[in-house]
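Chemist: The lines below spell out each chain.
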Amino acid sequence: MFETILENVKAKAPFVHSITNYVTVNDCANMILACGASPIMADDIREVEEITSLCNSLVINLGTLNERTVEAMVAAGKKANELGHPVILDPVGAGASQLRTKTALRLLQEVEVDVIRGNASEIKCISKGTASTKGVDADQADKVTEDNLEAAVKAAKQLAGRTKAIIVITGVIDIVADATKAYVLRNGTPVMSRITGTGCMLSAVIGSICAANPDNLLEAAAAGVAMMGICGEQAYEKMTARQEGTASFRVHLIDAMGCMDGERLNQAVRLEVM
Amino acid sequence: MFETILENVKAKAPFVHSITNYVTVNDCANMILACGASPIMADDIREVEEITSLCNSLVINLGTLNERTVEAMVAAGKKANELGHPVILDPVGAGASQLRTKTALRLLQEVEVDVIRGNASEIKCISKGTASTKGVDADQADKVTEDNLEAAVKAAKQLAGRTKAIIVITGVIDIVADATKAYVLRNGTPVMSRITGTGCMLSAVIGSICAANPDNLLEAAAAGVAMMGICGEQAYEKMTARQEGTASFRVHLIDAMGCMDGERLNQAVRLEVM
Amino acid sequence: MFETILENVKAKAPFVHSITNYVTVNDCANMILACGASPIMADDIREVEEITSLCNSLVINLGTLNERTVEAMVAAGKKANELGHPVILDPVGAGASQLRTKTALRLLQEVEVDVIRGNASEIKCISKGTASTKGVDADQADKVTEDNLEAAVKAAKQLAGRTKAIIVITGVIDIVADATKAYVLRNGTPVMSRITGTGCMLSAVIGSICAANPDNLLEAAAAGVAMMGICGEQAYEKMTARQEGTASFRVHLIDAMGCMDGERLNQAVRLEVM
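Protein chains in written order, with my numbering: chain A, 1 to 274; chain B, 275 to 548; chain C, 549 to 822.
Hints were generated in silico from the structure; no laboratory data involved. Treat the hints with care, since some could be wrong.
Here are some of the chain C residues that sit facing chain B, going by a computed Cβ distance under 7 Å [said to hold, decoys possible]:
{"no.": "1", "residue": "M549"}
{"no.": "2", "residue": "Y570"}
{"no.": "3", "residue": "L631"}
{"no.": "4", "residue": "G632"}
{"no.": "5", "residue": "V739"}
{"no.": "6", "residue": "R742"}
Where chain A lies over chain B, by a calculated footprint (3+ residues, C-beta under 8 Å) [said to hold, decoys possible]:
{"no.": "7", "region": "365 to 376"}
{"no.": "8", "region": "411 to 422"}
{"no.": "9", "region": "471 to 483"}
No residue lacks a Cβ here, since even glycine has one placed at the ideal position from N, Cα and C.
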């Protein structure tokens with residue numbers, strides 16, 4: 001199944017409009033290209049509707065948001081809805097400030113979001129509508145573990161039901177859920193949290209895959225999560241074999257995405273349906 | 275000839291003021307350094323005139339433009355004109371939105387631009403004064419091929435005559451033209467379009483070379499195009515020999531620019547005068 | 549001593565709030581992670597006070613400053629003071645424009661800055677309150693050399709006394725001084741100035757180390773300078789052994805920071821107290 005989903009990206013080479021932060025934007029653009037799509041970054045309110053109209057999906061990322069870009073996010077989101085383009089929301093740091101929490105909640109109210117991807121704390125914040133995270137990393141207490149997995153999956157499904165969005169929670173264990181079905185994925189490596197932007201990159205990849213698979217968003221999102229996790233494993237292997245550090249890991253991670261194919265994906269994915 | 279042009283950059287170590295997008299800005303800065311110049315990025319209208327006055331050329335890049343930076347581009351451009359500094363315009367995404375098309379045309383009206391570098395669709399948009407591109411990549415229909423090369427060169431010369439700017443159209447075949455003379459260059463690799471920012475980087479390199487060769491802008495621009503293409507070939511060779519992906523290609527590309535010398539340049543350039 | 553300082557960063561894993569430029573921000577974030585801390589980049593005035601409250605130190609970097617972010621810098625700085633968090637100022641390009649000079653001086657007036665890190669020209673500009681630099685690199689005439697070292701150390705101590713901040717001047721020879729004591733460090737490689745952002749990265753590293761060693765800021769800043777210099781040496785060795793260029797150097801530099809440990813640091817540091 002994931003095989004076809006990946007082939008669709010390469011065959012359709014969709015355009016992905018991203019309104020994203022200036023910290024990880026270059027890695028996001030290169031990841032979108034590596035998985036077979038084309039990135040367009042544009043955040044001025046006078047052009048975002050036109051730009052989104054040229055594209056096949058929209059990724060909204062709240063890292064380094066500001067007054068000017070928040071309005072552009074809302075406008076682009078509404079236009080994407082009008083056109084039926086998948087909209088992915090990455091609520092970076094939701095819970096860390098009122099501005100981020102309110103913006104995430106406002107976007108969910110004014111825009112029909114198709115996929116929400118965050119760490120456990122960000123998703124919890126969106127679910128509760130209140131702040132509790134520490135910075136942009138997930139709180140230890142919120143993390144999904146084997147012990148709380150069942151409850152986490154249930155909560156993800158409920159939130160998916162309420163928001164009509166697919167919920168993607170990433171961490172050591174990843175959950176991709178709609179209201180009735182959840183994929184639990186166990187690929188990846190802890191080194192992914194030792195470079196900046198793996199979450200943002202994943203949201204960009206999900207945006208790319210959803211753009212080419214608009215009728216199959218749950219599996220598209222799960223495929224994206226699987227692909228990033230597997231790329232992380234491959235990059236970790238290369239890094240340790242060569243006794244390198246995290247900057248090399250980052251290079252290997254993007255390299256791996258460009259070399260990903262359906263066979264490798266199907267072989268390496270560690271997936272469970274719940 | 276290109277040998278002397280490159281030597282001038284290393285000898286003069288000029289300063290290049292860039293007002294550019296936040297997607298590829300780091301690669302642009304590192305490319306400017308790799309070819310022997312020094313970058314200064316500054317986009318606040320209260321300082322761009324002073325900053326441009328300290329520099330030897332100005333590169334204006336329309337990627338992720340916004341209301342604030344557009345005014346800074348105009349102000350910096352006028353100051354650079356006053357001082358006789360070469361001005362390079364990279365109309366990223368011209369044609370993809372009214373904002374980008376209008377800004378490109380406004381800049382050409384209010385600022386004397388010395389070099390315009392874009393893909394075939396962006397240049398066509400500037401030539402026609404209307405929008406027709408799909409995103410920030412060139413439309414298939416607009417691309418320069420062996421079949422339409424003669425017509426493309428003629429159109430480039432005409433546009434150069436009308437705008438008084440050197441026209442640089444990049445793609446599989448590159449054209450560098452003023453009103454009466456055109457260089458056609460055939461270096462490069464398709465992988466260059468699989469990472470973000472090779473166009474932006476080229477504009478930054480052209481800005482560096484023009485800064486050190488202000489009396490010889492046509493050859494300076496052609497040298498820049500040749501150098502980027504050759505770096506692409508070297509990076510591609512390394513990437514494939516090592517079975518790496520696009521993020522490694524990007525590292526090799528910038529590495530190659532830092533190792534470029536006149537001899538390598540003269541040997542590897544594939545150039546025709548039309 | 550440096551050993552304990554470095555161990556504290558890894559043990560406490562502090563959060564570092566950076567308001568910084570979009571040119572080198574990704575490298576800064578990855579350097580903060582590489583040395584054991586966590587980065588948060590946020591620059592909207594509506595959230596900077598909350599974000600800084602979640603963190604353990606604040607790094608203010610003037611590269612690509614604008615009207616909007618300058619106000620956020622002041623607000624965040626005041627909040628950090630209120631909370632007793634170390635504040636690091638990197639006056640990128642102070643002296644290159646009135647805006648940068650005035651902003652640096654305004655910050656020093658309205659915020660209690662704990663560490664100021666710049667090149668010789670930037671520090672001179674702050675000391676004199678006037679502009680004289682050429683771009684964002686240090687003027688040849690301002691550089692610290694063996695010949696003027698004694699005078700430079702004296703000037704640094706005086707400025708430290710006046711500003712109540714630790715003064716870090718980086719170049720071929722580095723000086724880290726408070727009003728009464730100065731460390732002179734001689735690690736590093738000239739290649740560090742052939743990539744963009746080594747200064748910014750160092751400020752980010754100093755912010756990380758100070759966050760975990762708030763009672764020992766002079767030694768924390770000196771440890772940061774030593775670590776960056778040693779990483780530069782290791783990266784240079786790797787780059788030359790493999791006949792690579794500056795983009796590889798950048799990867800090796802961040803890799804080296806992630807692999808730095810107390811033993812390596814103590815062995816490689818070239819330090820003198822004056």
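Chemist: Now tell me if each hint is right for this structure.
Modeler: Right, here's what the structure says about each hint:
no.: 1; hint: M549; result: violated (34 Å)
no.: 2; hint: Y570; result: holds (4 Å)
no.: 3; hint: L631; result: violated (29 Å)
no.: 4; hint: G632; result: violated (31 Å)
no.: 5; hint: V739; result: violated (10 Å)
no.: 6; hint: R742; result: holds (5 Å)
no.: 7; hint: 365 to 376; result: holds (count 6)
no.: 8; hint: 411 to 422; result: violated (count 1)
no.: 9; hint: 471 to 483; result: violated (count 1)
Going through the hint list in order, the structure does not satisfy hints 1, 3, 4, 5, 8 and 9.
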